[in-house]
Amino acid sequence: MRHLLLDQWSHRSSTIHSADARTKLVLLLLVLLTISLAPGSIPLVIAPILLATIQVSRLPLNALLIRAALVLPFSALLAVAIWFSGDSSGAATLLIKSYLSALAALLFAATTPLPAWTAALRSWHVPATLIAIIQVTYRYLFVIAEEAQTMSAAARARGGFRFSAATGALAVLFARSWQRAESVHRAMLARGYQP
Amino acid sequence: MHIPDGFLSPPVWLSFDAISVPAIGWIVHRAKKAAPLTPDAAHIPLLGVMGAFVFAAQMINFPVGLGASGHLLGGSLLAIILGPAAAMLVMTAVIVLQALLFQDGGVLVVGVNIFNMAIAGVAAGYLPVRLMGRSAFPVFLGGAFSVLVSAALVLWQLSLSGVAITGRPLWTASVLFAITAVLEGLITVAAIRAIGRLSPHSLPDQPQVSFPARAAFATLALLLATGGTWIASAAPDGLQHLAANIGLEANPVWTSALLDGWPAPAAGITGLACVYALCTLGGKRR
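Chains as they are written, first to last, in my numbering: chain A, 1 to 195; chain B, 1001 to 1286.
Honestly, I wouldn't trust all of these hints.
[Stated by the list, open to error] Simulated pairs of lysine to any residue, SDA-like, Cα-Cα distance not exceeding 25 Å:
#, chain 1, residue 1, chain 2, residue 2
1, B, K1033, A, I42
2, B, K1032, A, G192
3, A, K24, A, L114
4, A, K24, B, K1032
5, A, K24, A, R122
6, B, K1033, A, K24
7, A, K24, B, L1101
[What the hints assert, rightly or not] Not everything, but these chain A residues come out facing chain B in the computed CB check (under 7 Å):
#, residue
8, A19
9, A105
10, Y140
11, A148
12, A165
13, L170
14, S183
15, V184
Everything labelled a hint here was simulated from the structure, so no lab data went into it. A virtual CB, placed ideally from N, CA and C, is assigned to each residue, including glycine.
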């Protein structure tokens, strides 16, 4: 799965990877702020900085560039709408800004493992409850997504979901998630978890 | 409906980020107090796993004919099962993870997306059920409202940012949003029914249904707010001039992008807050 790849990237080692997550988060926000405030195509000056950082973090350049392009279909749709209303430079600006912002955020996520950035958020007084929910969601995302994928694959093998069958699958997925939450809770209590 | 970075002007995303941050603090407080189903300790693993469920549920495709398919978005389903405050927290966690790990939605605008989908969307998705009970019609309305409200907010925020979507693109977008809304309503109804059969213990007790006139009033207020937002997006002439002040067009002085263009978002947000306060009052006095 694609996101697993990002998780592997974030656990590599480089100067950027070992930098403090709070510093990286502040830098990310500064870069994004610059991109957001700079007019026209000026945000492009950020591009060489991002590329250099990718080199220093020893991440696969092409893979990152392609992955950041996930944002482009949506941006392109809006850019076309702006283009038709007669603002071609506005359309270009939109594409540049959204792509560079996505690349910057991706670079952050590819050099900072989730425990590191959630700890950074925690130290900035983001509520502990929210952080805990983010962590548990991330922990079980792949587990439950795999169940969902198995169900879809099984349904495809039987000739695809009909609406009622998809509803059934959703309810089964929900019931299994609910049971899992209960056993996770028991396991946490057994290990001495204090809410 | 996840807005990426680079779409909105600084005054718009700053305003909504500034609303979302204290709102989340308050919602955490509420969710801790409410904990409707389970004692506190079980709450965090439950909410976390429900967040994972929302991600996974989006992999199950519902056919809508002509080879097209849609999937559950989940805001109103969660609100019905977990209560609004807990559902808002789960959706917030989902949106944060989507922004950082899936490049789905921006980082600077994460507060905007949280406001649109986790706060306003969940609130709108819960309102009909709160007022009319958990029968099929209010559940359907909840699912549809949660999508329509988020969509109207996105269009409004774009037009505030000087990205005017008018004419054919607006109609195309509106039709797509309407289809998504109906589908979300249908899936939510079917899912609640199926969950009620399969694991009835996970559904909370039926909320006490309030006086129908209040239900009608609050729903009307919600519709007015959504429709008004839509119209504001469709006829943004008064807002066009904002584009000149805002990041999307050439602007010699960077700082002015921070300073100009505040009145419109501020006025709009005040309006929204008033409508929401009315809805809450309508819903609360049972």
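Right, here's what the structure says about each hint:
| no. | hint | verdict |
| --- | --- | --- |
| 1 | B:K1033 / A:I42 | violated (48 Å) |
| 2 | B:K1032 / A:G192 | holds (20 Å) |
| 3 | A:K24 / A:L114 | holds (13 Å) |
| 4 | A:K24 / B:K1032 | violated (31 Å) |
| 5 | A:K24 / A:R122 | holds (15 Å) |
| 6 | B:K1033 / A:K24 | violated (35 Å) |
| 7 | A:K24 / B:L1101 | holds (16 Å) |
| 8 | A19 | violated (17 Å) |
| 9 | A105 | holds (5 Å) |
| 10 | Y140 | holds (4 Å) |
| 11 | A148 | holds (4 Å) |
| 12 | A165 | violated (9 Å) |
| 13 | L170 | holds (5 Å) |
| 14 | S183 | violated (9 Å) |
| 15 | V184 | holds (4 Å) |
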